[in-house]
Amino acid sequence: MSEQVPRFSQRIPIVGGPSAPPASVREVTSDERAIGRLGLGSAFELASAELGFVAASWLFVDQVAALTGEDGVRSLRDELGPSFSVLDFVASEWLEGKRSRDVKTSAIASALEGIRRLVIVGVETRHIDAVVQVLPKSTRIGLVTYRLQAVDWSRVVSNYQGRVEPLDLASFQGWSGARSAIVTFIYGARPPRINVLSAFLRVAGPDVRTQFRDIIGWNTLSAAPEVYPRYLVETLSTDLTELIDETD
Amino acid sequence: MLAAVVAQLEDVAPAEDDLQSEPVAIRLPPAVASASDDSEFPLGMPTRLLRELLTESELATALEALRDGPAHHALANAAMAALIERIERRVRAIKAKG
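Residue numbers (this note's numbering), protein chains in the order written: chain A, 1 to 248; chain B, 1 to 98.
Hint data in this document are derived by calculation from the structure and do not stem from the laboratory.
Glycine residues also receive a C-beta, built at the ideal position from the N, C-alpha and C atoms.
Warning: the hint list may mix true and false statements.
Said to hold, decoys possible - Stretch-level coverage of chain B by chain A, calculated; a stretch enters the list once three of its residues show a Cβ under 8 Å from a Cβ in chain A:
hint : segment
1    : 19-30
2    : 38-50
As the list claims (entries may be wrong) - From the derived model, a few chain B residues whose C-beta atoms are all more than 12 Å from chain A:
hint : residue
3    : 1
4    : 4
5    : 8
6    : 53
7    : 56
8    : 58
9    : 59
10   : 69
11   : 80
12   : 85
13   : 93
14   : 96
Said to hold, decoys possible - Some chain A residues well away from chain B (every beta-carbon gap over 12 Å; in silico):
hint : residue
15   : 146
16   : 159
17   : 241
All chains should be modelled from the sequences, with the hints used to inform the complete structure.
Given below as structure tokens:
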């Protein structure tokens with residue numbers, strides 16, 4: 001009797017949105033069974049919440065690729081992609097031959113020139129690490145501690161040893177001013193539409209838009225994900241003063 | 001409406017220097033504003049034209065009036081003043097060009 005391994009057993013149950021594609025009728029491979037047993041859905045949920053969707057996706061894709069190669073990456077995408085659109089996108093990019101690369105900072109550094117306070121909305125650790133490196137020490141950096149996913153914010157912020165300060169929704173406007181900026185992460189753009197975290201919509205109301213010198217969207221993906229973006233929301237690029245492409 | 005007027009005027013004026021302006025305060029609740037030592041809107045109240053037209057005391061009164069009231073009113077005044085300055089600057093440049 002063959003081993004019964006439900007193909008989507010590790011998927012995080014999510015309500016709403018289009019239903020997931022039906023499981024393939026073909027036999028699962030040993031690689032797929034191995035990945036299914038690892039419980040990567042829960043692990044990716046946690047990692048993406050505290051590292052960011054793009055950072056966690058490249059981490060998982062790189063590790064699965066190192067362990068199981070192309071078949072494993074394809075299985076990872078099929079298993080978790082329907083729930084995590086960014087992981088689906090990154091895994092597809094990997095399968096097309098693209099590899100993780102350093103975050104480019106010239107455009108963001110130029111956009112933030114002269115800023116005294118930076119409010120970051122959303123978590124993307126590779127991008128935050130990069131921006132921390134390019135900003136002068138005199139520039140305060142705050143991270144808005146709001147996200148749909150459960151996050152241990154003290155754990156996230158402690159990675160920056162005081163360089164990044166936690167800001168809640170009640171206090172971030174205290175950082176507004178003529179030399180203040182907001183940066184948020186964009187998960188693919190089809191101008192004028194952009195995918196953002198819902199936290200950005202909580203922050204960027206009409207009152208806030210006039211209070212900051214710049215409201216910058218930093219695109220983390222080379223295109224918009226094809227899979228329904230369950231953890232993301234769509235808004236207009238006109239909410240921003242500048243949209244920086246991931247290749248800039 | 002003012003922006004539409006600006007758009008109709010040929011821009012033959014030389015490149016604009018930094019706008020002379022006075023800050024427009026962001027009037028946040030004190031508990032929130034305490035985190036900031038320069039809580040002002042990125043758009044200030046332009047003063048070049050006001051300085052040309054008014055005496056110092058009149059300017060002070062005008063600035064107080066323009067920046068009084070709810071923050072979004074003050075910001076709207078600043079936006080209108082900036083557009084009026086731009087219109088005046090373009091009209092002056094067009095007249096100078098003949």
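Structure-based check of each hint:
no., hint, result
1, 19-30, "holds (count 3)"
2, 38-50, "holds (count 7)"
3, 1, "holds, 19 Å"
4, 4, "holds, 19 Å"
5, 8, "holds, 23 Å"
6, 53, "holds, 25 Å"
7, 56, "holds, 24 Å"
8, 58, "holds, 26 Å"
9, 59, "holds, 21 Å"
10, 69, "holds, 15 Å"
11, 80, "holds, 14 Å"
12, 85, "holds, 18 Å"
13, 93, "holds, 28 Å"
14, 96, "holds, 32 Å"
15, 146, "holds, 16 Å"
16, 159, "holds, 22 Å"
17, 241, "violated, 9 Å"
Checked against the numbered hints above, the structure breaks only hint 17 and satisfies the rest.
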